[in-house]
Amino acid sequence: GQNIDQPTEMTATEGAIVQINCTYQTSGFNGLFWYQQHAGEAPTFLSYNVLDGLEEKGRFSSFLSRSKGYSYLLLKELQMKDSASYLCAVRDRGGYQKVTFGTGTKLQVIP
Amino acid sequence: GAVVSQHPSWVICKSGTSVKIECRSLDFQATTMFWYRQFPKQSLMLMATSNEGSKATYEQGVEKDKFLINHASLTLSTLTVTSAHPEDSSFYICSALERAYEQYFGPGTRLTVT
Chain G
180 GQNIDQPTEM TATEGAIVQI NCTYQTSGFN GLFWYQQHAG EAPTFLSYNV LDGLEEKGRF
240 SSFLSRSKGY SYLLLKELQM KDSASYLCAV RDRGGYQKVT FGTGTKLQVI P
Chain S
146 GAVVSQHPSW VICKSGTSVK IECRSLDFQA TTMFWYRQFP KQSLMLMATS NEGSKATYEQ
206 GVEKDKFLIN HASLTLSTLT VTSAHPEDSS FYICSALERA YEQYFGPGTR LTVT
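If you're matching them up, the sequences are chains G and S in order. Each position in the first sequence, counted from 1, maps to that position plus 179 in the working numbering. Each position in the second sequence, counted from 1, maps to that position plus 145 in the working numbering.
Isolated chain S (complex conformation) (with noise of 0.2 Å):
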């Protein structure tokens, strides 16, 4: 199957400062890719659909100025947590789209701010 990867895999960050996470489709082309938070012990929360050469699409909720999403080529998405907070300590997943269903996840960042 097709392959998504993530970078970093985990971070520390300290409380007000910016950190970026990468999201490439390896060996397929993705259009759209999805921004996921999980917090211990909860399901996947959508936090906007990513598209390449367009804005991202935000979810109800998600402040689109803290949580900048770039999607700059077909094999890239970027999301960066500007200003993070330790309540902005989670694990945070990325999916590709490939095809007509087939939605890919990276491995995922855990961050942690301190």
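Okay, chain G solo, but in the shape it has when bound (with noise of 0.2 Å):
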């Protein structure tokens, strides 16, 4: 089984700089992923991590150390449109790959 931690809401001033820690326990793993969900809309793909180190892309950048568990999503020059829901996913090493989501971070962006 997995278990995926992340904070439960986070505040941040637009401009800024935020980083969303994520950690997880798991039997298998195979790849971690970073995903963005505006309220009622579906999660769509920010980042993924299978080996250890910083993946950079635009103003995200995610981090990956497999030895700890853990994980980050760095996300700088903040905008109020960044406000949303960030999950963390962990794949399974199974045959089926399956996808097991944290509880999501609900980041609020302030002027």
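Chain G is faced by these chain S residues, among others (derived, beta-carbon under 10 Å):
(1) Y181
(2) S188
(3) L189
(4) T194
(5) E204
(6) F236
(7) I238
(8) C239
(9) Y249
(10) F250
(11) G251
(12) G253
(13) R255
The set of hints was computed from the structure by calculation and includes no laboratory data. Predicted, not measured: the structure shown is a model, and the values here were computed from it. Where is the CB? At the ideal position from N, CA and C, for every residue including glycine.
Take the two lone chains and join them into the complex the hints point to.
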């Protein structure tokens, strides 16, 4: 099974940087995803990490440490439209590559 | 990126009736699709994994006789909620697996059972 933990809520200021942490425990790790979800909408893919290190994609970066069971999503130059829930999800090593989601972190960006 | 559609986007049905939700991968073939359910202010909960040509794999606690999944082709999976009850009201989201890891989500179907 899997256990994924994220903070429930965070608040940050427009233009600032925010880091959303995710810790996980899994019996067979095969990748970690970050998704963004606006209220009432389906999640959209942000990043994927399978090896240790930092993956940068524009204003968004994601970091993974497999030995620590830890990841973070870094959002730079925050914009009001970044207010959303951010979901950490871990993929199984099993044949069907099941993806399990954390509870999500609701980020509010304030002026 | 790849596109996944769902139909209908929202549906209201009476208690005791059945509702079918379709999930299609529009520009790629998906041997594996996933069905999730999301209650308000909660995260996505995986219900089942749907594989083309074989029986779906259900998560613990999900009634396979109540939530019927059929993955008839490489581009279509359906979820039928049978004998729906008000507690089945939720946001149902499908996703399709493309290539090694990219999972694309459909826009979701909001089901309300009265």
